[in-house]
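Visitor: The chain contents come next:
2 protein chains.
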Amino acid sequence: VVKVTAIEAIPFEIPFRRPFAFASGTVTVADHVLVRVRTDEGIVGHAEAPPRPYTYGESQTSIVAAVYDWFSPAVTGADPFGRERISARLARIVGNPTAKAAVDIALWDVIGQAVGQPVHSLLGGFAESVRVTHMLGLGSPSEMVDEASRIRDTYGISSFKVKVGRTPFAVDVEAVRALRSALGDDVELYLDANRGWRGDDALRALAALADAGIAMLEEPGRADDILTRRRTVERSLVPIVGDESCTRAAEVARLLLDRSCDMISIKTSRTGFTDSAKIVGLCEGLGVGVVLGNQIDGAVATLAGVTFAAAHRATTERPAELSAFVDIADHLLIEPPEIVDGRMAPPQQPGLGIAIDDDKVDHYRVDR
Amino acid sequence: VVKVTAIEAIPFEIPFRRPFAFASGTVTVADHVLVRVRTDEGIVGHAEAPPRPYTYGESQTSIVAAVYDWFSPAVTGADPFGRERISARLARIVGNPTAKAAVDIALWDVIGQAVGQPVHSLLGGFAESVRVTHMLGLGSPSEMVDEASRIRDTYGISSFKVKVGRTPFAVDVEAVRALRSALGDDVELYLDANRGWRGDDALRALAALADAGIAMLEEPGRADDILTRRRTVERSLVPIVGDESCTRAAEVARLLLDRSCDMISIKTSRTGFTDSAKIVGLCEGLGVGVVLGNQIDGAVATLAGVTFAAAHRATTERPAELSAFVDIADHLLIEPPEIVDGRMAPPQQPGLGIAIDDDKVDHYRVDR
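Chains F and Y supply the protein sequences, listed in that same order.
For this note's numbering, count along the first sequence from 1 and bump the result up by 8.
For this note's numbering, count along the second sequence from 1 and bump the result up by 8.
Since the hints were derived computationally from the structure, they do not count as laboratory data.
Using N, Cα and C, we set each Cβ at its ideal position, and we do this for glycine too.
One or more of the hints may lead you astray.
If you want the ones that stay clear, here's a sample from chain F, every Cβ over 12 Å from chain Y, calculated [claimed, not checked]:
hint: 1; residue: 122
hint: 2; residue: 128
hint: 3; residue: 191
hint: 4; residue: 221
Residues from chain Y shown here face chain F by an in silico Cβ test under 8 Å; the list is partial [claimed, not checked]:
hint: 5; residue: 85
hint: 6; residue: 87
hint: 7; residue: 292
hint: 8; residue: 321
Please build the complete structure, drawing on both the sequences and the hints.
Guide: Take a look at the structure:
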């Protein structure tokens, strides 16, 4: 039986090619954490935790501390296959979702290597590749059109999640109209306000975009404005997607039962594989659609995302958000994930196929 | 990559030691089907499908036909790891739950053997053993007390699901009182009316048993009497468990949202491992308790049940119904499952640990 001997957390920083802006913040550097599970049989599992203070209250420092102070002691000595047991141990600490998720995913990487199977097969093995959605950061209409055109021409991507949520919302409406006009009708566009709009802005913006073929709207406004949120969901002709407002299975259930969203964004960087699979079960049982979201993942986390997305039928019904890493100037892998004709394939190597470039880790780590 | 080359369905009949009676029927013979998945690498996976016509409309004949006519062609050539893909193919045929479940479980048996791991580890690896509940068939109070005492003395079992649902319900009340009196307060008792009671019988029976320490009541009466069911759930002081009235994830969701049950019975012989895991996710997300139920499983199906039960935290929170096979006079295994001190451990061999005794298959099969 393989046993975990230690979990390491290596903070690193890689700049973005240019700032990525959205309604609740802007990132200029990927100040993420590489989580590494070591075992007594020499198998090493990896995952990446992206801190999102404005979403979960975690920082690079808190993630490193959570791994060393809580999660490494809790998991050391454990059989990595005992995921349900390990999840129960991690769950004793409240919050810290991306730290927990990275531990879970790195353990899955160990499991896959231990049995010689790619993890997408172990999780369900649904698809050989998945369509990719690119997230477009906030900018002027022409900047956003230029970026979308470049991404389409470079990667063949034809699905875009457009960041909105600005005040006045007319700025967003103008940008979305410009995108539809420039990209044509065959491109899929959906919106993410990152809780930025207020009051009826979301409904008014959607009305102004009624002929723009918007597929979905994520996090229209403040989730704590409960009645506004319900009214938006009730009246919107496009499905409202819950993301930051439902970060755990129980929150997903509450939000859905409250009629405060129509669909759910599943992010492996937030709920790992073990809990994400349960959320798939929850949503499938309730007949609720899901979208594989992106926590502005680096390349390592992207390999986890595509693994999970390809494994399940539910996560392949819509394009998956897997391309955020292309906005980051570099990565820790020997080979970055590839996007060809707008699609990404899950790694076929045992585990998650995460081949770390040690020189790059040495170069980008910030703890030495 | 392992590929499925054929699926076989072998009908067999093994008599019960004595008839097992419950409100919706009586079984005197285990007329089940052994499902066998063959692969190009020589790995063979097994599972057992128990037809329950009064619950699902399946027969031994229909299961054999479903496997040969639909499911073997649909799965032959497939990679057994592609469970989500295979599930989607099987789902194109409506109904036939135990036939589908057996195919899914036999594929998991292949997967476990292919990677050299017990399936309980692959599914979640929560517990080393689980507490066992025995189901007590209908009988006179003294017959039921004798049987419970014998099971307790033989296997150390201290949790019993007592079949009720007779008219007048006073017969059941008398039997349950006799059991509590004979077995003492430390034994867990819960009830299963198998949809047998009518109107307010369930509430009246529970009132009459208010001091008998009943843990749960399963399927109190006709599930299609929607308002009666809701009223029973609303007023009952013990949780009402949904079983035959919610045989798929979507039905579980509907019944729970309708407030027509408080807990869910998960049966691997009904929803396999793949869908049962999703139902675990659904129930965990909704904060709903589960019990690992028993489709009057033979020994082969019992190995599947204990594998799933031990894998998940949710299914170990209550004793699992795993001992029905002891009422059947023989089995198809080289060694039957063991119950020691009221507990059963999942097989530790790769796959499901199903070592078939070919002589017994030859002896009990009814298709030659």
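Visitor: Which earlier hints can't be squared with this structure?
Guide: Violated hints (numbers, rising): 1, 2 and 5; every other hint is consistent with the structure.
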